[in-house]
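Please put together the full structure from these sequences, using the hints given.
These protein sequences, in sequence, are chains A and B. One rule links them: number in our numbering = place in the first sequence (from 1) + 65. One rule links them: number in our numbering = place in the second sequence (from 1) + 50.
If you are wondering where the hints come from, they were derived from the structure by calculation, not from laboratory data. Check before you lean on any hint, since a few could be wrong.
[As the list claims (entries may be wrong)] What follows is a set of in silico ranges between Cβ atoms, one per label pair, in the way DEER data are often shown: (1) B:Cys129 x A:Leu256: 42 to 52 Å; (2) A:Tyr242 x B:Glu101: 52 to 62 Å; (3) A:Leu598 x B:Gly78: 35 to 45 Å; (4) A:Leu560 x B:Gly78: 41 to 51 Å.
A quick note: this is a predicted structure, and the numbers were derived from the prediction, not measured. Just so you know, even glycine gets a beta-carbon here, dropped at the ideal spot from N, CA and C.
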Amino acid sequence: MNALAMIFFAFSAYAIGYLFYSRYLSEKVFCLDDSRKTPAHELRDDVDYVPTNRWILLGHHFTSITGAGPIVGPAIAVIWGWLPALLWVVLGAVVIGAVHDFSALVTSIRHRGRSVGTILGDYAGERARVLFLLLILALAILVNAVFAYVIALLFTKFPSSVIPAWSIVPLAVAFGYSVYRFRVNFLIPTLLFLGILYLAVFLGARYPVSLKPLSGALGIDPIMFWIVVLFIYTFFASSLPVWLLLQPRDFLNGLQLLILLFLVYAGAVVANPEVKAPLINLSPEGAPPIVPFLFITIACGALSGFHALVSSGTTSKQLARESDARTVGYLGFLGESSLAVAVVIACTAGLGMVSARRFSELYSSWESIKVSPVPAVVEGGSALISSLGVGPELAETLIATFIVLFAATTMDTSVRIQRYIINELAQIYGISALKNPWTASAGAVLSSMLLVLAKEGGRGGFLFWPIFGAANQLLAGLALLVAFLYLRREGRPTLPVLLPLIFVLVITSLAMVLNALNNFLAGDFLLAGVSALILILEVAVILESIRAIRSQVERRESRRYT
Amino acid sequence: MNPGDILREIYRLKIGQGFSRSAEELEGLFLLLVFSEFYGLPNPLGLYLLEAYPLLMEEFHRWHLRMGMRSSPLEWIRCC
Chain A
66 MNALAMIFFA FSAYAIGYLF YSRYLSEKVF CLDDSRKTPA HELRDDVDYV
116 PTNRWILLGH HFTSITGAGP IVGPAIAVIW GWLPALLWVV LGAVVIGAVH
166 DFSALVTSIR HRGRSVGTIL GDYAGERARV LFLLLILALA ILVNAVFAYV
216 IALLFTKFPS SVIPAWSIVP LAVAFGYSVY RFRVNFLIPT LLFLGILYLA
266 VFLGARYPVS LKPLSGALGI DPIMFWIVVL FIYTFFASSL PVWLLLQPRD
316 FLNGLQLLIL LFLVYAGAVV ANPEVKAPLI NLSPEGAPPI VPFLFITIAC
366 GALSGFHALV SSGTTSKQLA RESDARTVGY LGFLGESSLA VAVVIACTAG
416 LGMVSARRFS ELYSSWESIK VSPVPAVVEG GSALISSLGV GPELAETLIA
466 TFIVLFAATT MDTSVRIQRY IINELAQIYG ISALKNPWTA SAGAVLSSML
516 LVLAKEGGRG GFLFWPIFGA ANQLLAGLAL LVAFLYLRRE GRPTLPVLLP
566 LIFVLVITSL AMVLNALNNF LAGDFLLAGV SALILILEVA VILESIRAIR
616 SQVERRESRR YT
Chain B
51 MNPGDILREI YRLKIGQGFS RSAEELEGLF LLLVFSEFYG LPNPLGLYLL
101 EAYPLLMEEF HRWHLRMGMR SSPLEWIRCC
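See the structure below:
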């Protein structure tokens, strides 16, 4: 098997999914109709509700949903062999993940562009909405814990990424200011700032910033040091207005994402390396069983509940025609999935280019890979890019910087989301101390930091990765439930969303029961406790779903007899 | 559309909302300052600001619509 064959398989599956399955979904299931007015036209205010060209909206949507999630999951999951990971990423995306994003988007435009959470409140009551908020809160805390560790690890292992990664902060602010201040052709500042960023990558490769001497003198672990610095930074970054830092950075990152995808795929096509990893390995040393853990280890890239927040939060307010949902919702997700496929290729075929035994060295046991999967992506990815004629050191810095930037933006966004939710919960329960944005930010940062520091060496992060996957998919389950309730009310076919819903609920419950049990038996009460917590939320979600479906049936029955 | 326009549009989608929100907040604060006398807050500059009222008609109209009032809350400003 070689990289080209993998690419061919993935993109043919995407093409079939987009051409046939998404057409079936939009014509037969959701009955998209361009004569209906979308919320962007009906409620147009030129702030939130703006009808937008579908390709531009696709660019915005794709770059908003794709972060560092699809990089970490597949990098761990290839320990079970490349075939299961590739199959789940590609087929999961076509029949589950993209369906979830698409249905969240369509359900939202049929409900005046409101978000999945509030629609859920309508269908299933206030309790379900609070449940939804709690799940997002849990998800955001886990995201911060995981990504703070990812970034700290990359800074320590690849010190050349320190300069370029931090240089994006002043660059983003300056970019935002200059495009607002000087109304020049947009292409010029964009290219200029990207140029400066790549210059910083070059400088970083020349002058790596290592904290070893400092940490040796002060007696602190460099990873811990970076984690604390990162949390202090996110505390301030998440309290700034969004347009000042977050959104210009998000824009520049979106372009990086396209560049990264292009470079990795071009490298894979040019070099076309042989895959030097096992096809399938059902019992890697120390790893949990492949079913259900493969399905929750790879969440983003195959199915991600976080996307429902973007689909129904901002994208649904900007859709110009109903039929555009097919391009934006379905195709947007396939874009994210293609990043996950690139990571699978980098970790299997790319590592094979480093040396024939590199895969078996890095993936020798579950214990070793689960705490540091990202360096494998950096090594494999830079091997692929090197085949385009880029020096190996520069390629390594480039990939490490890309991943740090994605992870940092994801972290910023999730601290911000956490702050909003803490605010909202404080409103619901009348806790005045947490209504203030600063205290809410502090609460958000502290809760995540406690979780990371709960494990020695700041390794809290990756241990929570499976739980993060489960929480993310559970959230997707809630969005699928909303779509299911809507389709049922309209009397349309419900199987395309019902089957993924059942699959998600079964897989995540099984995984969380096993996870809680294993950790409990191993004496790790923190992990067992967090798994149990997610399990409780899960049971609550299932009960609420049953209640909502029942009350809908009763309402319909009573209507029939009156 | 040339690449520059496409990039500008995508940037507008990302940034527009946050930008307009904070602009609205600033505008609201400014209007509150200008019209503070009508809400019973003493304003030493009130007299000098009389000249600014006609210029602020449009903004005032957008503000009261945004605040959920269908017509002007001040009876001497008949913007709609």
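Worksheet entry | Those earlier numbered hints the structure runs against, lowest number first | Structure breaks hint 2 only.
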